[in-house]
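Colleague: Chain by chain, the residues:
Protein chains: 2
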Amino acid sequence: MTELTIGQYQLVSNFFSLTIAAMGAATAFLWINRSQVADQYKTAVTISGLVTFIALYHYWRIFASWEEAYAIVDGTLIATSKEFNPAYRYVDWLLTVPLLLIELILVMKLSAAETASKSLKLGALAAIMIVLGYPGEVSDVSSTRWMWWSLSMIPFLVIVYELFVGLKGAQDQQPEGARSLVGKARFLVVASWAFYPIVFLFPMLGIEGGDAKTFVEVGYSIADIVSKAVFGVLIFMIAVKKTQADKGSIAA
Amino acid sequence: MTELTIGQYQLVSNFFSLTIAAMGAATAFLWINRSQVADQYKTAVTISGLVTFIALYHYWRIFASWEEAYAIVDGTLIATSKEFNPAYRYVDWLLTVPLLLIELILVMKLSAAETASKSLKLGALAAIMIVLGYPGEVSDVSSTRWMWWSLSMIPFLVIVYELFVGLKGAQDQQPEGARSLVGKARFLVVASWAFYPIVFLFPMLGIEGGDAKTFVEVGYSIADIVSKAVFGVLIFMIAVKKTQADKGSIAA
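These protein sequence lines map, in sequence, to chains A and B. Numbering follows my numbering, with no gaps: position 7 of the first sequence is 1016. Numbering follows my numbering, with no gaps: position 45 of the second sequence is 1054.
Don't read these hints as lab results, they were simulated from the structure. Treat the hints with caution; some may be incorrect.
Put simply, identical chains are the same to the list, so a pair is met inside one copy or across any two.
Keeping only pairs whose Cα atoms sit at most 30 Å apart, straight-line, the calculated DSS-like set for lysine-lysine is [said to hold, decoys possible]: (1) Lys1091 to Lys1256; (2) Lys1091 to Lys1118; (3) Lys1222 to Lys1256; (4) Lys1193 to Lys1118; (5) Lys1177 to Lys1193; (6) Lys1118 to Lys1177; (7) Lys1193 to Lys1051; (8) Lys1222 to Lys1118; (9) Lys1193 to Lys1091; (10) Lys1222 to Lys1051; (11) Lys1177 to Lys1130; (12) Lys1222 to Lys1130; (13) Lys1130 to Lys1091; (14) Lys1130 to Lys1118; (15) Lys1091 to Lys1177; (16) Lys1256 to Lys1177; (17) Lys1051 to Lys1091; (18) Lys1177 to Lys1051; (19) Lys1222 to Lys1177; (20) Lys1118 to Lys1256; (21) Lys1118 to Lys1051.
Whenever a hint applies, use it, and build me the whole structure from the sequences.
Modeller: Rendered as structure tokens:
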């Protein structure tokens, strides 16, 4: 017997499979369409596809780990001796979150020095944020979860501040057609990222057992689809708009 | 013992495998031939391949789930403790049906505003249609199936009306060589889509047990091959014709 119901178990399973399909589709879309943007934006689109590709790999492992962690015997869900591995998510984030930030910085086409310094700074902050979150994620003790959550929120808030304030000036320098899309991308990063610390909080807010587990796994899956696949397509659309704007200014 | 005969079980198994082969072949064909169409039609062809790619993934899972759900012991087919997962189909449709509509709209090359508004409207209706179908699909109670089927038919009929009437005007604006193909694509969408609610009805029309299960799985597989792989190739042919027509008008 487990705290999860069979329905909850299957719901999470189906969400993992949906996420695999979404990440695979986004990867193919981005890499195939890469030829449609100008050379200077190709790296941003390549990296967008890299992020969904890395997530595809990890969701494949997450799905397999989830399948192995439970079995249905005589109509009852039981936990097997192979526990579900929550580390896959954190390894995924450790690799993809700095890349996600770099995608956004690259597509803005700042100066080389600014691109390098912002990528390094935000990428390092993102890595620290994820490393600080993990000890809380794997703990069942509410006070321990709160402590690591709070520590992890410090780099998180610095990143959000940098994106919203630090990149605002860069947004205004974008060509007209791309400006509103860049604004949307900035907004989408912040909104989808805000989802993660909220999902993390579920088990600490009176939601318990199977409900908490289901909320957390489904919540992270949705957040990953939005912040990686949907965001990646948005980055591609910005690159297309900027390619068109560059061509227009050459013709004019 | 199950309601399925061994012959029925194997027939369904072979149809799933056929569908995997068809989806894989269509994906490769579309993505490889993408370079043969003009830039403005490339996204439509990419998305056509994306639809068959997503279906390829889901039929892979469907096949595996079907294999695991049954075993042949001493010449008798028995159901294992791992039930066949009908959710893969619905997750597949949730992702692919809006994309299918978008490929048809994209290849018509309407204005940007019309493309966006039609994609959003038809895509959202398609998602609602699928979400409303699922509770009926997993129910064994005839009246429950009828209720969800009827609800799901409302967005279905709106989409069919939009495609047949709303896109008729757009069809007339197509270049001569592509006009009849666009007409065929509109017809193929409606005809292949009509197949789904009919397949859904089988278990409610006096067909029972193993027969109903076999009809439903084989029926959905055929409908998916037609509406995704065959339709995708048709979209590619339209894109080729329109590429030729565009070149002709530049030459003239």
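Colleague: Is it within, between, both, or neither for Lys1130 and Lys1091, if the alpha carbons may be no more than 30 Å apart?
Modeller: For Lys1130 and Lys1091, the Cα distance exceeds 30 Å both inside one copy (38 Å) and across copies (45 Å).
Colleague: Within, between, both or neither: how does the pair Lys1193, Lys1051 come out at a Cα-Cα threshold of 30 Å?
Modeller: both (20 Å within a copy, 25 Å between copies)
Colleague: For the identical chains here, do Lys1051 and Lys1091 meet the 30 Å Cα criterion within one copy, between copies, both, or neither?
Modeller: neither (42 Å within a copy, 45 Å between copies)
Colleague: Within, between, both or neither: how does the pair Lys1118, Lys1051 come out at a Cα-Cα threshold of 30 Å?
Modeller: both (11 Å within a copy, 25 Å between copies)
Colleague: Between Lys1177 and Lys1193, at a C-alpha cutoff of 30 Å, which is it: within one copy, between copies, both, or neither?
Modeller: within (12 Å within a copy, 34 Å between copies)
Colleague: Given identical chains, is Lys1091 near Lys1256, meaning Cα to Cα at most 30 Å, within a copy, between copies, both, or neither?
Modeller: Cα proximity of Lys1091 and Lys1256: none, with 56 Å in one copy and 57 Å across.
Colleague: Regarding Lys1177 and Lys1130, is the shortest C-alpha distance of 30 Å or less found within a copy, between copies, in both, or in neither?
Modeller: Only inside one copy: Lys1177 and Lys1130 sit 17 Å apart there, 32 Å across copies, limit 30 Å.
Colleague: State whether the alpha carbon distance between Lys1193 and Lys1091 is at most 30 Å within one copy, between copies, both, or neither.
Modeller: neither (42 Å within a copy, 44 Å between copies)
Colleague: Is it within, between, both or neither when you check Lys1222 against Lys1256 at 30 Å Cα-Cα?
Modeller: Neither. Shortest intra-copy (50 Å) and inter-copy (56 Å) distances fail the 30 Å Cα cut-off.
Colleague: Can you tell me if Lys1222 and Lys1118 fall within 30 Å by alpha carbon in one copy, between copies, both or neither?
Modeller: neither (41 Å within a copy, 46 Å between copies)
Colleague: From the Cα coordinates, with 30 Å as the cut-off, is the pair Lys1222 and Lys1177 best called within, between, both, or neither?
Modeller: Neither, since 37 Å and 49 Å both go past 30 Å.
Colleague: At 30 Å max between alpha carbons, let me know whether Lys1193 reaches Lys1118 within a copy, between copies, both or neither.
Modeller: both (17 Å within a copy, 25 Å between copies)
Hint compliance for this structure: hints 1, 2, 3, 8, 9, 10, 12, 13, 15, 17, 19 are not met, and every other hint is.
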